[in-house]
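Q: Each chain, letter by letter, is given below.
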Amino acid sequence: MAPAFVKGREWSADVIARAEAMEALGNLRAAADLIDSACMNEPDDGSLARFRTRILNRLEIRELGLVFRYIPRGTFLMGSEPGPSDEQPVHRVTVSGFWLTDVPLSWSAFCRLKGWRPPPDSLPDGGDEDLERYRHQVHASNKIRLQYTEDETLCATAWHLHHPNHPFNNPASTWKAPLWGEALKRSDSALTWSYEQKPGVSFAWLECTELAQSLSNRQARYRLPTEAEWERAARGGLPDSRYPWGNDPPSPVNCDFDRFLELSILKSRRFAPNAYGLYAMSGSVWEWTSDWYQRDYYSESPELDPTGPTTGVRKVLRGGSWADCAEAVTVSFRMPMPAVTLTGKYIPATCTPCIGFRLARDELAHP
Amino acid sequence: MELVRFDLPQDTKPPSDLMAELHESHQVPIGCGGAVFRWRRRSDGFRMTLYQHCFCRSRLILDGVEPPTTLLMFSFDRHALCFELEASSDSLVGFVVAAEEADVVRPHNWMFLEDFVPPPTYRVLSKPDGKWKFTRTRPANDDWLRPGFDDSQWDTLVAAPGIELGSVGRQHRWLARRALELGGCYLTTPPDDGSHPPTTAPPGQHDTPFRESPSADRSAEVRLWVRHEFVTGPEAELKLP
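So the protein lines, in turn, are chains X and P. Heads up: the first sequence begins at -9 in the numbering used here, then just goes up one per residue. Heads up: the second sequence begins at 85 in the numbering used here, then just goes up one per residue.
Be careful, since some hints might not be right.
As the list claims (entries may be wrong) - If you only want the chain X side, here are some residues facing chain P, beta carbon under 7 Å, derived:
1) D76
2) P79
3) A146
4) W235
5) R249
6) F250
7) A313
Note that these hints are calculated values from the structure, not bench results. Being a predicted model, the structure only gives us computed values, none of them experimental. Beta carbons are placed, not taken as given, at the ideal position from N, Cα and C, and that holds for glycine.
Could you put together the complete structure from these sequences and hints?
A: If you want it as structure tokens, here you go:
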């Protein structure tokens, strides 16, 4: 079948002209959708790429202290032929436009949005029933966050570190001294302790979902991205690529991965973003999606806005982490993880410095 | 070598060239209850969790490097597990080591990984089998820390008699217990005159890692350099039946 246009400079100019017309009418999303589709057809066309960057920058939304990047509506091939069998068959998926935070939420952002005291306290001001529900989760997680998410900490060294303000399990406990705490290795010990620039970690799926719901209002709905949305966003408009930057394997200059023995997370914006302005989609921390995991779901997935199986026991994590090898930080790798109920006696499996999350955003009404 | 046998339901990850590992709070600095998990290539080798207890001050070196965690990563190759030990007398030279292939998951916390981690296959154990060698003379260089070193002139450690867990400090007792459960044995230097006193720890003395160069401790009267060489691989001698 003959293409509608002979692709080339003339074709690109025509697409840009149509997108500019949409932009002039104030229809930025349609312009972004059009230009992104053209970029996927001609990924090496610099003029198209520059226009997309400009229009996506205009669509950027800053609210809740977060940066939301617009992910244009578009169709892509989801999955990977050389990947594990749960990434197959590779299939066409169309995802409607939505916004996604440019980085995983930091510990500071999480506390601010929860209305909790800022890190390293990271607790409700008083009597919050959430704390009663999540007692083990909160305390176990805060210990992890203390040394893995602090901006200038170079490596986790404390085998059992408590912040003095964290009561140990029992809030009535008078045992508030750090337990087996050791001085952390920081890039500059004189710098103020800060938890803004690295991804927050050790979040359970339910915690993230409840936070997103609590933030939603008549103008915008916040949620976790679906698995398809996450992969569409991670690919950054590059067709048939294994990583957000293309098919070249990850390296220490573009990805936080394969650093298990370094026991640390790098700052989220350390490496270049993908074409959608998203940082650290590959490596850094695993990110929750809203979908249940089912190994063969791709063989039955609908083409338009798939939301995953209706039931399941595990949710899908995406993106890989600082500890994983290159094959696990691809844009298509899928990781099942229990959607942990936090009321149990035991600390859930998600108490790890490997799991974080981003918020997706749907615009419900113009303000 | 077949390390993995999968039988997975729909909600678990299918087998591939990758494997998932879990590193719990006794293996990485993270605090009790936490863990680091990671995916790695099977072909990179395998890992073991090290459980050890020494009555004296010790420094452990694997293939010439002090491991930053108690997770030891092994390629399929020849390896040297070495110690530098310091004690005030021979009666305090007692240590037990057990390294178990580490893909063992505690079921109460980590149900999700049970499905796709292999059962333990390999162990490295301190045993009086003639393969744990020591010398009282400081080696001339660091070659002894690496595989292939000729230790045929070194002496052989023997089983330490009569050690009870009660003599192990509380903080390290579980490590000693686990090492013994796995089949490790306390080793010590052989008696000179057949009347070697039982190895015991004085009250309050635990396994203490070096915090400075061993030579800095002038009070230590006994200094030992210990090495154990072994091979991992399909025909490895340490493979369990």
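Q: With reference to the structure, classify each hint as holding or not holding.
A: Against the structure, the hints come out as follows:
no. : hint : in the structure
1   : D76  : holds, 5 Å
2   : P79  : violated, 14 Å
3   : A146 : holds, 5 Å
4   : W235 : violated, 20 Å
5   : R249 : violated, 10 Å
6   : F250 : holds, 5 Å
7   : A313 : holds, 4 Å
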